[in-house]
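Letter by letter, the chains look like this.
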Amino acid sequence: MFDALQENLGAAFKTLRGQGKLTESNMREGLKLVEKALLEADVSYDVVGAFMKRVSEQSLGEKVLSSLRPNEQVMGIIYQELVNLMGPVDHSLHLKGKGEVTVLMMCGLQGSGKTTTCGKLGKMLKENGRRPLLVAADLQRPAAIDQLHVLGEQLDIPVYSDRTTQDPVKVTANAVERAKKLEADVVILDTAGRLHIDDELMQQLRQIDQRCHPDQVYLVVDGMTGQDAVNSAKAFNEALELDGVIMTKLDGDARGGAAISVKEVTGVPLKFMGTGEHLENLEPFHPERMAGRILGQGDIMSLVEKA
Amino acid sequence: MGFFSRIKAGLKKTGAVLNTDIRDLFKSEGRLIDEGFLEEIRGILFRTDMGYDSTEALVAEIGKQLRGRVVQLEEVVEVLKAKLKELMHQPASPIEFATSGPTVVMVCGVNGAGKTTSIAKLASQFKRDGKSVLLGAGDTFRAAAVQQLTIWAERLGAGIVTAPSGTHPATVGYQTVEKALGEEIDVAIIDTAGRLQTQSNLMAELTKIRAALAKALPGAPHEVLLVLDATTGQNGISQASKFAEAAGCTGIVLAKLDGTAKGGVVVSIRQQMGLPVKYVGLGESHEDLAPFNPDEFVDALFADVLNATA
Ligand SMILES: Nc1nc2c(ncn2[C@@H]2O[C@H](COP(=O)(O)OP(=O)(O)OP(=O)(O)O)[C@@H](O)[C@H]2O)c(=O)[nH]1
Ligand SMILES: Nc1nc2c(ncn2[C@@H]2O[C@H](COP(=O)(O)OP(=O)(O)OP(=O)(O)O)[C@@H](O)[C@H]2O)c(=O)[nH]1
Ligand SMILES: [Mg+2]
Ligand SMILES: [Mg+2]
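Residue numbers (numbering that gives the first Met the number 0), protein chains in the order written: chain G, 0 to 306; chain P, 0 to 309.
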């Protein structure tokens with residue numbers, strides 16, 4: 000059941016392959032299965048509609064129908080369209096020079112992986128010779144401050160927190176102000192999880208944004224997210240003008256179609272992906288790999304080869 | 000307040016975020032049910048995350064009943080709701096309590112789904128019902144997971160059993176049940192670390208925790224709840240199936256239903272494996288828990304569609 004995507008595509012290509020030459024009607028049958036596969040991978044319904052329209056137009060073109068290897072051509076079209084949808088990439092954190100302080104801010108829904116990702120980015124930066132400072136601006140979730148402190152200890156990275164206030168705007172502003180004194184050149188703000196429809200908390204994010212002027216604002220998205228990804232990503236982008244997206248929990252069997260949805264509605268680059276709970280489990284995002292994952296790579300490669 | 004009314008209250012704020020195209024489809028004279036219309040219905044259903052097969056089955060049902068007729072949106076939605084309510088029907092039984100001795104509840108799920116918070120909510124509910132509650136901090140892995148549960152225990156006036164980071168969670172589970180027995184506690188709730196269902200060693204650990212609970216008290220755990228994040232898409236089916244297999248889940252807590260995500264994946268889960276939803280989570284406070292009501296859930300699936308037309 001969980002390899003449905005792979006199976007469906009296999010079936011789709013069998014349909015396409017059996018025929019020496021493709022007709023419009025059996026092509027449509029195959030494309031229908033591709034559509035099913037994308038929906039089962041959690042790609043947004045509206046995005047799938049537009050995607051299939053483009054793919055159909057290209058696939059039904061005379062060149063493909065009359066080609067000797069239509070499967071290969073159709074596969075190529077689908078794969079390339081998916082890659083186009085998720086690119087271009089930008090893996091840079093756009094850090095300023097070492098004498099200056101760069102501020103990175105994480106935001107997102109509850110439990111998406113913000114705090115863990117702060118730790119992962121801190122580790123990566125430290126290994127690149129930077130001096131990160133983690134800032135505990137989640138004053139809401141029980142033990143959120145402790146969680147960040149534990150990560151800081153594990154990584155030997157300083158953590159700024161202030162348990163005397165309930166105001167995350169104040170905490171972040173103070174942290175950024177004191178960054179230089181704390182000998183940090185990259186400040187990573189961990190904010191509390193919030194719903195995109197919570198006006199008060201979204202306003203609070205805007206206040207942090209206005210006070211601290213983060214250089215980069217990243218939305219942390221759970222890789223298992225379904226159709227609602229478009230709603231939340233759109234709202235966070237409208238509130239904050241995101242600079243990038245980090246997708247987490249891609250170490251499981253989720254197809255991760257939400258990556259396409261989020262890219263589509265925000266237009267900002269997908270930067271990194273979380274591939275585990277451990278702090279080294281952060282990888283640059285690659286549209287090619289993600290397209291393969293969404294489609295079931297093994298099948299594609301072998302079919303393209305056989306075609 | 001039932002959860003439908005809470006969700007509806009939440010929806011009032013969300014008008015701008017939600018897709019309201021459907022409103023334009025219905026002029027006052029109604030609309031002909033044709034292929035184009037069925038395509039729109041498909042879209043509505045897909046956006047709830049109920050998945051391909053459930054969606055296609057429902058669209059086929061609408062086609063069968065209404066094709067060629069001119070109807071109002073309300074009429075179509077009523078047909079959909081009736082069918083779904085039939086599918087989601089389950090006897091109301093939030094928790095099976097043990098007939099004597101402590102009732103042991105084990106809670107599991109993927110990372111960040113809402114397990115620990117749901118435990119706080121359950122504990123709060125049980126305490127309000129006059130029961131004594133003991134929590135077991137079985138997540139000995141994630142940073143500050145024990146502190147998180149400890150803070151909840153303090154806030155709610157529940158007991159808690161903790162162990163140093165890295166202790167085997169089965170040990171914590173065993174100790175929690177032992178203590179519940181010794182102190183004649185009514186309900187013991189065991190937290191576990193988040194894990195993805197593909198991590199076979201961690202899934203096997205759940206089986207071990209379960210066995211440890213049974214060893215401490217034959218018949219335990221009485222409930223094994225899978226916490227599912229309502230924003231989860233089709234991966235929820237894989238979660239339900241693999242957690243049920245490893246931990247013997249008895250029901251689902253559908254957390255984070257206070258957002259715009261519909262949690263429709265439980266429709267597929269219900270259809271494919273019959274696992275009932277027992278509670279829904281509607282916020283971050285300990286009071287934000289409601290027993291699952293299939294009719295209200297189905298009403299909420301379509302609330303924004305109807306709101307948009309109102
Ligand atoms: N498997 C896996 N787990 C992850 C990944 N990233 C984070 N997690 C886990 O997901 C859970 C939630 O992560 P957090 O970092 O606490 O999420 P958060 O967004 O800060 O949560 P809130 O502050 O409550 O909104 C934890 O159990 C993490 O260990 C990942 O890439 N893979
Ligand atoms: N809006 C909303 N947030 C929730 C709900 N339930 C939990 N949360 C939030 O989701 C985040 C994760 O919740 P936890 O209870 O820590 O999740 P968990 O499954 O125990 O996470 P791990 O132990 O890290 O795997 C926290 O920020 C909670 O406050 C809910 O019903 N609605
Ligand atoms: Mg956090
Ligand atoms: Mg937890």
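In case anyone wonders, no lab produced these hints; they're calculated from the structure.
Glycine included, each C-beta is placed from N, C-alpha and C at the ideal position.
Hints may contain errors.
As a list, the in silico DSS-like pairs of lysine-lysine whose alpha-carbon atoms are at most 25 Å apart [to be verified]:
hint : chain 1 : residue 1 : chain 2 : residue 2
1    : P       : K63       : P       : K82
2    : P       : K214      : P       : K130
3    : G       : K169      : G       : K180
4    : G       : K169      : G       : K179
5    : P       : K80       : G       : K35
6    : G       : K52       : G       : K62
7    : G       : K35       : G       : K95
8    : P       : K214      : P       : K178
9    : G       : K31       : P       : K214
10   : G       : K35       : P       : K214
11   : G       : K179      : G       : K95
12   : P       : K130      : G       : K35
Some chain P residues flagged as far from chain G (calculated, every beta-carbon gap over 12 Å) [claimed, not checked]:
hint : residue
13   : E34
14   : A119
15   : L148
16   : V264
17   : E283
Against the structure, the hints come out as follows:
Between K63/P and K82/P the alpha-carbon distance is near 13 Å, which keeps this suggested pair within the 25 Å criterion. With a C-alpha separation of about 24 Å, the suggested pair K214/P and K130/P falls inside the 25 Å cut-off, and the hint holds. Under the criterion of a C-alpha separation no larger than 25 Å, the hint pairing K169/G with K180/G is consistent with the structure, at around 17 Å. Between K169/G and K179/G, the direct Cα distance comes to roughly 17 Å. Compliance with the 25 Å bound is thereby established for this hinted pair.
As the CA atoms of K80/P and K35/G are separated by approximately 24 Å, the hinted pair is consistent with the 25 Å bound. At most 25 Å may separate the alpha-carbon atoms for a hinted pair to count; K52/G and K62/G meet this at roughly 17 Å. Of the supplied pair hints, the one linking K35/G and K95/G is violated, its CA atoms being roughly 45 Å apart against a limit of 25 Å. At most 25 Å may separate the alpha-carbon atoms for a hinted pair to count; K214/P and K178/P meet this at roughly 14 Å.
The suggested pairing of K31/G with K214/P is violated, with an alpha-carbon distance near 52 Å, which exceeds 25 Å. Restraint check: the Cα-Cα separation between K35/G and K214/P comes to about 46 Å, which exceeds 25 Å; the hinted pair is violated. Proposed proximity of K179/G and K95/G is supported: the alpha carbons are some 14 Å apart, at most 25 Å. As the CA atoms of K130/P and K35/G are separated by approximately 48 Å, the hinted pair breaks the 25 Å bound.
At the 12 Å boundary, the C-beta of E34/P stays outside the reach of chain G, the nearest C-beta of that chain being 14 Å off. Not every CB of chain G is more than 12 Å from the CB of A119/P (nearest about 8 Å), against its label as outside the interface. Some Cβ of chain G comes within 12 Å of the Cβ of L148/P; the nearest lies about 8 Å off, and the non-interface call is violated. Consistency note on V264/P: stated as away from chain G, yet its beta-carbon is not over 12 Å from all of that chain's, at 7 Å minimum.
The beta carbon of E283/P sits about 7 Å from the closest Cβ of chain G, which is not more than 12 Å, so the claim that it is off the interface is violated.
Comparing the model with each earlier hint shows violations of hints 7, 9, 10, 12, 14, 15, 16, 17; every other hint is respected.
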